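*Asks:* One gets the numbering used here by counting positions in the sequence shown from 1 and adding 17 to each.
In short, the hints are calculated from the structure, not lab data.
It is possible that part of the hints are untrue.
[To be verified] Cut-off 25 Å, straight-line C-alpha distance, at most; resulting in silico cross-link-like pairs (DMTMM-like, lysine to aspartate or glutamate):
| hint | residue 1 | residue 2 |
| --- | --- | --- |
| 1 | Lys83 | Asp101 |
| 2 | Lys199 | Glu184 |
| 3 | Lys108 | Glu67 |
| 4 | Lys88 | Glu184 |
These numbers were taken from a predicted model, which means no experiment stands behind them.
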Amino acid sequence: MEKQRMEALINRAKTGDVIARETMIKHYKPYILNVVHHVLSRYVTWSDEETSLALIAFNRAIDTFKHDQGKSFVNYAYLLIKRDLIDYLRKNKVAPRELLSSEEETHPYHDQKAVEQYQEAIQQSELTEEILEFKAVLASYQISLSELEASAPKHKRSRRRLIEMSEAFCQHTTLVQQLTTKQRLPATAFSKRSGFQKKTIEKHRKYLIALILLKINPQWQRLTTFVTLQTGGEQDDPSSPRGSR
């Protein structure tokens, strides 16, 4: 999560914005679970009491975090979760690995490892969510992921040109509205407004629709890179749509 967006969500959550708080919790859930696992040195699930305590501590971190205190939110949340878990374990006369050191002390190596594992889990989770959302939207246009892959240009020049075409399409608000309302590419209207040949537009219809959908849905950032760069082939295609206006 970008720092600016995170800070905005924290500020909104502090003022009672439930959606902002839930967004933070959903995003950081893998990290919270990983911190509990690290402190307890054992496998844990969300049904464990310790994870419930960690979630409470995370909520408190949202409420008390100050952007100018010289500590990242992730490390601050780590410290609060760790303290609460240690207090809980002490009351239950359990000695976790973390009690071997001062509870006030942070461990850069452990923190970094936890952050890296969290980031990896988050990236994988977010990409999976984006793919599922994208798949559902494509289905409304009668396009499957396998069809999209099959229709993807194999040459860099063709891909570049189609990206240019999708950008040109998105400049026309009425065309975008027609596409999203009717789930159909207005090839004729686009050809007249842009100068691109209708034959070229129709030939690459599925891939072009996918590119347009990605451009009007910036939240699919990771998927955009995946879709536009995944197709192989480094050769230039002499029959590409370049100059086909």
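*Asks:* Look at each hint and say if it fits the structure.
*Replies:* Verification of the hints:
1. Distance hint between lysine 83 and aspartate 101 is fulfilled; the C-alpha atoms sit about 19 Å from each other, no more than 25 Å.
2. Proximity of lysine 199 to glutamate 184 is assessed by CA-CA distance (about 20 Å); at most 25 Å being required, the pair is judged to hold.
3. With a C-alpha separation of about 13 Å, the suggested pairing of lysine 108 with glutamate 67 holds against the 25 Å cut-off.
4. Proposed proximity of lysine 88 and glutamate 184 is contradicted: the alpha carbons are some 40 Å apart, above 25 Å.
In summary, the structure is inconsistent with hint 4 from the numbered list given earlier, while agreeing with all the others.
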